[in-house]
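Peer 1: Final position of the sequence shown in the UniProt record's numbering is 197; the numbers increase by one with none missing.
Incorrect hints may appear among the rest.
Cross-link-like lysine to any residue pairs, in silico, SDA-like; alpha carbons within 20 Å at most [as the list claims (entries may be wrong)]:
| hint | residue 1 | residue 2 |
| --- | --- | --- |
| 1 | Lys73 | Gly59 |
| 2 | Lys47 | Gly59 |
| 3 | Lys124 | Thr67 |
| 4 | Lys89 | Ser76 |
| 5 | Lys47 | Leu83 |
| 6 | Lys89 | Gly68 |
| 7 | Lys124 | Leu83 |
| 8 | Lys73 | Leu159 |
| 9 | Lys124 | Gly74 |
| 10 | Lys124 | Asp61 |
| 11 | Lys124 | Leu85 |
| 12 | Lys124 | Asp100 |
| 13 | Lys124 | Ser114 |
| 14 | Lys73 | Ile107 |
| 15 | Lys124 | Gly59 |
| 16 | Lys89 | Ala137 |
| 17 | Lys124 | Leu95 |
| 18 | Lys89 | Gly63 |
| 19 | Lys124 | Arg135 |
| 20 | Lys47 | Asp61 |
Hints are computed from structural coordinates only; laboratory data are not their basis.
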Amino acid sequence: MAFPLANPPSRLSPKLLTRATTAPLASPSPNYDPRIKEFPPNALRRKIDRLWRGGFSLGVDLGLSRTGVALSKGFSVRPLTVLELRGQKLELRLLEIAEDEEADEFIIGVPRSSDGRETTQSNKVHSVAGRLAVRAAERGLNKTARQRRIDAYAAMMVLERYFSLSGEAAELVLPKDSDLQERLRRGPPRDIDFFSE
Numbered sequence: 001m002a003f004p005l006a007n008p009p010s011r012l013s014p015k016l017l018t019r020a021t022t023a024p025l026a027s028p029s030p031n032y033d034p035r036i037k038e039f040p041p042n043a044l045r046r047k048i049d050r051l052w053r054g055g056f057s058l059g060v061d062l063g064l065s066r067t068g069v070a071l072s073k074g075f076s077v078r079p080l081t082v083l084e085l086r087g088q089k090l091e092l093r094l095l096e097i098a099e100d101e102e103a104d105e106f107i108i109g110v111p112r113s114s115d116g117r118e119t120t121q122s123n124k125v126h127s128v129a130g131r132l133a134v135r136a137a138e139r140g141l142n143k144t145a146r147q148r149r150i151d152a153y154a155a156m157m158v159l160e161r162y163f164s165l166s167g168e169a170a171e172l173v174l175p176k177d178s179d180l181q182e183r184l185r186r187g188p189p190r191d192i193d194f195f196s197e
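The whole structure should be built from the sequences, with the hints applied where relevant.
Peer 2: Here you go:
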C-alpha cells in the first residue's frame, strides 16, 4: 500500500491506497488504480524521471503488538524505530515521524495468507491505512513548510550538480578588495605542528 502525504485529497478510501506500484502506466495490471496518475508513488516517479530528487518514503510494518518503521529515498533504506503503540496513539506517532523525517508517502505492508488471500490482519492494516490517509490529508503541509522543503531540495540539487561536474561549471567569485584576494591566494596560515616546510 502506498499513499502520498503531501497534498492528498481530503478523503481517501482504502481502495485508493492499494496500488500496483510495479505496473507501468501504459499497461495497467488488474490491481491498477487509474487515480495513480494524479498521485504517483515515489518509486514510479523515480522510474519515469531519473533526475527527480524528491520523495522520502516511510515504510511501515504493522504488527499485532509492534510496528516497524523505516525510511528510504529509493536508493538506501534506513531502519528508524519500532513502536509499541496501538490505535490512535500509533497513528499520531506515525504522522509525527513522517513530518519529522519529511516523508511524503507511507508504504504499508499488507499481510496475506500462504494462498495470497487477505487475512483479518490485512483488514486491520487497510483500516489503519485509511485513517492515516485521512489524518494526513487533514494535516497536510502548509505552504511555508512546502516552500522550505522545495528550497532545501533545490540547494541539494545545486551541490549534486557541482560535484557531478567536478566543479568545472562553477564560477569563481572573489572579493573586490585586493588585500582580501591576496589572503585567499596565500591560503590559511600553516600550523607548524601539522605542516613541515
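Peer 1: Decide, hint by hint, whether the structure agrees.
Peer 2: Hint by hint, here is what the structure shows:
Simply put, Lys73 and Gly59 have alpha-carbon atoms about 11 Å apart, close enough for the 20 Å limit, and the pair holds. Pair hint Lys47 plus Gly59 holds up; C-alpha atoms about 19 Å apart against a cutoff of 20 Å. For the suggested pair Lys124 and Thr67, the alpha carbons sit about 13 Å apart, so the restraint of at most 20 Å is met. As the CA atoms of Lys89 and Ser76 are separated by approximately 28 Å, the hinted pair breaks the 20 Å bound.
With a C-alpha separation of about 31 Å, the suggested pairing of Lys47 with Leu83 is violated against the 20 Å cut-off. For the hint linking Lys89 to Gly68, the alpha-carbon distance of about 15 Å falls within 20 Å, and the restraint holds. Between Lys124 and Leu83 the CA atoms are separated by roughly 17 Å; this keeps the pair inside 20 Å, and the hint holds. Between the alpha carbons of Lys73 and Leu159 the distance comes to roughly 17 Å, so the proposed pair stays at or under 20 Å and holds.
For the given pair, Lys124 sits about 27 Å from Gly74 by alpha-carbon distance, which is inconsistent with the 20 Å threshold. With a C-alpha separation of about 12 Å, the suggested pairing of Lys124 with Asp61 holds against the 20 Å cut-off. A distance of roughly 15 Å separates the Cα atoms of Lys124 and Leu85; the hinted pair therefore holds under the 20 Å criterion. Using a Cα cut-off of 20 Å, the hinted pair Lys124 and Asp100 is violated, with the two alpha carbons roughly 25 Å apart.
A threshold of 20 Å between alpha carbons decides the hint, and for Lys124 with Ser114 the separation of about 18 Å falls inside it, so the pair holds. For the given pair, Lys73 sits about 12 Å from Ile107 by alpha-carbon distance, which is consistent with the 20 Å threshold. Of the pairs offered as hints, the one joining Lys124 and Gly59 holds, with about 17 Å between alpha carbons and a cut-off of 20 Å not exceeded. As the CA atoms of Lys89 and Ala137 are separated by approximately 17 Å, the hinted pair is consistent with the 20 Å bound.
Under the criterion of a C-alpha separation no larger than 20 Å, the hint pairing Lys124 with Leu95 is consistent with the structure, at around 18 Å. As the CA atoms of Lys89 and Gly63 are separated by approximately 15 Å, the hinted pair is consistent with the 20 Å bound. Among the hinted pairs, Lys124 with Arg135 is consistent with the structure: their alpha-carbon atoms are about 17 Å apart, no more than 20 Å. Distance hint between Lys47 and Asp61 is unfulfilled; the C-alpha atoms sit about 24 Å from each other, more than 20 Å.
In this structure, the earlier hints numbered 4, 5, 9, 12 and 20 are contradicted, and the remaining ones agree with it.
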